[in-house]
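Work out the full structure: start from the sequences and follow the hints.
Chains as they are written, first to last, in the numbering used here: chain A, 974 to 1084; chain B, 458 to 573.
Derived by calculation from the structure, the hints in this document are not laboratory data.
By construction, the Cβ of each residue, glycine as well, lies at the ideal position given by its N, Cα and C atoms.
Treat the hints with caution; some may be incorrect.
Simulated crosslink set (DSBU-like; lysine-lysine; CA at most 30 Å straight-line) [stated by the list, open to error]:
| no. | chain 1 | residue 1 | chain 2 | residue 2 |
| --- | --- | --- | --- | --- |
| 1 | B | Lys527 | A | Lys1030 |
| 2 | B | Lys527 | B | Lys460 |
| 3 | B | Lys495 | A | Lys1015 |
| 4 | B | Lys495 | B | Lys473 |
| 5 | B | Lys473 | A | Lys1056 |
| 6 | A | Lys1056 | B | Lys460 |
| 7 | A | Lys1051 | A | Lys1015 |
| 8 | A | Lys1056 | A | Lys1015 |
| 9 | A | Lys1056 | A | Lys1030 |
| 10 | B | Lys460 | A | Lys1030 |
| 11 | A | Lys1015 | B | Lys527 |
| 12 | B | Lys495 | A | Lys1056 |
| 13 | A | Lys1051 | B | Lys495 |
| 14 | A | Lys1015 | A | Lys1030 |
| 15 | B | Lys495 | B | Lys527 |
| 16 | B | Lys460 | B | Lys495 |
| 17 | A | Lys1051 | A | Lys1030 |
| 18 | B | Lys460 | A | Lys1015 |
| 19 | B | Lys460 | A | Lys1051 |
| 20 | A | Lys1030 | B | Lys495 |
If you only want the chain A side, here are some residues facing chain B, beta carbon under 7 Å, derived [stated by the list, open to error]:
| no. | residue |
| --- | --- |
| 21 | Leu1012 |
| 22 | Lys1015 |
| 23 | Ser1021 |
| 24 | Glu1029 |
| 25 | Ser1060 |
| 26 | Met1062 |
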Amino acid sequence: EPEVTQTPSHQVTQMGQEVILRCVPISNHLYFYWYRQILGQKVEFLVSFYNNEISEKSEIFDDQFSVERPDGSNFTLKIRSTKLEDSAMYFCASRIGGGAFFGQGTRLTVV
Amino acid sequence: AQKVTQAQTEISVVEKEDVTLDCVYETRDTTYYLFWYKQPPSGELVFLIRRNSFDEQNEISGRYSWNFQKSTSSFNFTITASQVVDSAVYFCALSQAQNTGNQFYFGTGTSLTVIP
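So this is what it looks like as structure tokens:
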């Protein structure tokens, strides 16, 4: 069964460092998303991506964040200068219609 | 504005009991989708069901069933004869139906513990 794959599963980084979270969406999907979930809290929308550009983004998705689909298969989320409050589970999702399929998540810990 | 409310923060049931998880939503859209996701302790999000706003037919899948009532803006989820493996956090979500990169509005989740 096709699945969304995220790497790494866990990343520890120092405050101020840049991180790149990687996602391989399901191959024929057209819409891509990043969400985050701070421990014990709700899943929050960050950004959606369609037709090689951002279609919607939330207030959380400020200038520190960027997304890219560098090679037509990977979908990356970059955080330029991480803060302690960026520590969370980050989920990538993709869909073609119907339900979105989520990756297993990357747990980002900023120390 | 879109909003999803899951009033039950935590529920505990004894194995084999039935349990219903409540979900109430708000939207001004006439066309939208409703979802349920399961988040087991391992952390991933598992898609359970999608429902189109035009389809109010209830659905059953094994021990799972969903009751969609547009009149009360509710989309409740029932697990029959619960099992320990059902222990997880369950999220209800709402999505707009436009075609360009819809975002999902998640509820705060209901943590279900099934006691053996």
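| Hints breached by this structure | Numbers 5, 21, 25, in rising order.
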